[in-house]
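*Asks:* Next come the chains, spelled out residue by residue.
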Amino acid sequence: MDFFLQQTINAVSLGGTYALLALGLAIIFSIMGMINFAHGELMTTTGYALMFAGLAGLPFVIAAPLAVAVAIGTAMLMERIAFRPVRKGSPATMLVTSFAVAVILQTLFQNLIATRSQPVILPDALAQSVAIGDLTIGVNQILSITITVIILVALNWFLKRTTLGIAMRAAAEDFSVARLMGVRANAVISGAFAISGALAGAAGVLWVAQRASVDPLMGFVPVLKAFIASILGGLGSLTGAVAGGFALGFIEIFLTAYLPEDWQPFKEALALGIVILLLLVRPNGLIPAFNIGREKV
Amino acid sequence: MRKTSLGLLAATALAAAGIATGASAQDVLKIGAASAQTGGLAPYDGPAMEGFKMAVDEINAAGGIGGKYMIELEIIDIRSDAAQTAIAAQELLDGGINVLITPSDADPSFAAAALATEAQVPAFSPGASSPTLPLMGGDYMFANFPGDNVQATVSASWAIEQGFKNAYILYSPDTQYTTLPLYFSDVFAALGGTVAGQGTYVIGQQDFSAEITKIKALDPPVDVVMTAAYEPDFPAFVRQLRAAGITAQVIGSDGIDSPTTFSLGDAAEGVVFTTAGHPTPGSDLEAFFAKFEEVYGRPADTIFAAVGYDLMKVIEAGVLAADSVEGAAIRDAVAELEDVKGVTSAITYKGTTGMPVRQVTLIRVKDGERELVGQPSPDPALVPAPRMQ
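These protein sequences, in sequence, are chains A and B.
FYI, in the numbering used here the residues of the first sequence are 1 to 297.
FYI, in the numbering used here the residues of the second sequence are 1 to 389.
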């Protein structure tokens with residue numbers, strides 16, 4: 001039972017990070033109909049911001065929000081420089097643009113910072129844990145779960161209670177009609193990128209806090225996981241992205257926990273197999289966006 | 001890339017000088033390196049090629065190999081990608097190189113090995129340690145690092161000597177190198193230890209909480225955890241392992257001989273790993289590191305710089321013995337080399353299948369610094385046969 005509980009906590013913690021990442025992709029997709037593959041590079045940017053802040057001697061409590069702010073700024077710049085000019089292009093154009101942005105950023109990191117991975121100075125507290133009964137919960141995991149919950153609650157409030165949030169939801173439903181109602185496209189899209197940057201930044205801090213190093217290509221794995229999670233949840237659906245993220249976390253952790261040793265080498269393949277099975281049953285994802293297939297922008 | 005072209009320029013200029021003093025055009029040894037200067041293997045290939053270039057420049061400054069063969073070096077970055085390795089290797093081979101350098105990992109090296117064998121050009125990987133590389137890579141493929149099976153024999157024997165009895169291994173089937181713990185498991189069991197469990201991970205997995213919960217649930221608790229995970233997996237794993245309150249001895253291998261390991265603070269304290277050498281006072285390696293700092297203006301932070309330097313020494317010895325720059329002749333000469341004096345260790349290829357016999361060093365992380373545990377010679381009877389897969 002303890003084993004099961006402990007693994008459940010592990011799954012919630014990992015799933016939470018995946019959920020943040022998938023949400024970042026989903027929020028852009030819901031409005032622009034674009035998968036932003038440069039999302040991972042926003043995490044890498046966060047990582048480098050943490051690294052430089054650490055080298056400058058800033059304490060983690062200041063460095064972390066600063067790093068998230070850097071990610072938000074980068075995301076908005078990304079939109080302004082790369083995506084706004086192709087906003088009216090086909091989905092394929094936007095997809096390829098996002099790949100180009102990702103590769104350009106990776107190359108910049110390699111040439112301007114370092115090709116090799118750089119250590120990030122973290123407080124020792126992050127490598128400790130709290131014992132609750134027979135359970136051991138890493139400070140890192142507590143941080144991950146808390147941040148995920150806070151962000152989900154805050155995002156929910158933002159989308160339901162603020163003008164920009166309501167405009168964004170309207171734009172996600174039907175961008176043309178929303179514009180006719182006086183919603184400004186630039187503000188909405190810029191806002192969506194800012195939120196996606198914040199989500200990438202928060203996930204980036206959690207990711208780097210776990211690995212204690214940052215390298216130019218580090219964004220690839222997380223963006224891939226986020227992509228799988230958002231497809232599993234239902235592309236463009238925000239609740240779906242969260243569900244997909246947690247589902248992927250649970251699948252990965254519980255396969256590792258309960259698969260017999262001989263089967264362990266195949267766990268990644270099995271996890272993807274389960275995702276495919278789920279998609280066969282629910283082709284539009286776990287919680288699909290209701291306006292799936294409608295014209296965007 | 002700027003550094004590469006400068007090195008190339010220097011090599012070409014020196015070669016041109018060689019021509020001017022009467023050496024003929026065929027007296028040039030052309031070395032092409034399909035090397036991972038960026039990406040996941042850059043922590044190994046970057047320093048390896050820096051060390052390699054030092055040796056090239058020294059030899060050229062002294063008038064070439066045996067005063068006869070000037071060295072020309074061309075490096076192409078393969079971005080730690082196997083497909084790029086094949087493309088770069090083909091390009092270099094088409095350019096008429098005499099010796100090919102492949103990346104510091106067996107998997108991309110395989111992509112180049114077949115091409116090199118076909119072109120009858122000897123190929124060397126500076127840092128790949130899988131004993132299967134020269135076996136499956138063909139007659140022209142050589143490795144240059146203590147083999148995984150030998151490293152595992154050394155670390156497993158050490159663990160048994162320390163009185164550890166109950167081990168857990170964590171490996172990844174993704175690459176040859178990350179399966180090293182399977183050799184450890186064989187030797188540890190052969191010496192009377194118990195392997196209580198084995199877990200697998202995916203390279204780049206990052207979250208090890210599920211594996212660690214399993215390790216923690218083992219009864220009796222394990223006293224040693226062995227893994228060949230390297231960056232970014234190893235730092236993540238060891239931090240999470242310590243955070244979970246597991247105090248078992250952690251044993252790693254050469255992949256964690258990098259600055260990140262020594263900057264992890266408490267989490268990595270006490271970790272023991274196998275690698276290719278240690279700069280004991282008065283050793284050649286110490287002198288090499290001093291020289292490296294002189295040349296590059298910063299310390300060499302891993303053993304791989306010295307390993308790259310030694311690789312050029314091996315090629316030099318091969319060309320000297322063959323007295324030719326022809327690929328097949330160099331290959332045959334290298335296969336018979338004995339006790340080549342490298343800065344890390346003496347290196348012997350005679351009697352092997354292309355995996356050199358050389359010293360293995362055990363290092364402990366202590367206060368963020370390296371501490372020499374020992375440089376034991378493994379018992380040959382214990383070394384497991386290469387695991388073909």
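Hints are computed from structural coordinates only; laboratory data are not their basis.
Mixed in with the good hints, there may be bad ones.
Unchecked claim - When the alpha-carbon atoms are kept at most 25 Å apart in a straight line, the in silico DMTMM-like pairs for lysine to aspartate or glutamate are as follows:
hint : chain 1 : residue 1 : chain 2 : residue 2
1    : A       : Lys267    : B       : Asp81
2    : B       : Lys68     : B       : Asp81
3    : B       : Lys216    : A       : Asp2
4    : B       : Lys68     : B       : Glu269
5    : B       : Lys341    : B       : Glu293
6    : A       : Lys267    : B       : Glu338
7    : A       : Lys267    : B       : Asp323
8    : B       : Lys216    : A       : Asp262
9    : B       : Lys216    : A       : Glu173
10   : B       : Lys68     : B       : Asp107
11   : B       : Lys68     : B       : Glu293
12   : B       : Lys313    : B       : Asp332
13   : B       : Lys165    : A       : Glu268
14   : B       : Lys216    : A       : Asp124
15   : B       : Lys30     : B       : Asp301
16   : B       : Lys165    : A       : Asp124
17   : B       : Lys68     : B       : Asp339
18   : B       : Lys216    : A       : Glu261
19   : B       : Lys313    : B       : Glu50
20   : A       : Lys267    : B       : Asp186
21   : B       : Lys350    : B       : Glu338
22   : B       : Lys366    : A       : Glu261
23   : B       : Lys165    : B       : Asp139
24   : B       : Lys165    : B       : Glu336
25   : B       : Lys216    : A       : Asp174
26   : B       : Lys68     : B       : Glu338
27   : B       : Lys68     : B       : Asp174
In this text, all values refer to a predicted model and were calculated from it rather than measured experimentally.
*Asks:* Would you pick out the hints that fail for this structure and give their numbers low to high?
*Replies:* 2, 4, 6, 7, 9, 10, 11, 13, 15, 16, 22, 23, 24, 25 and 27
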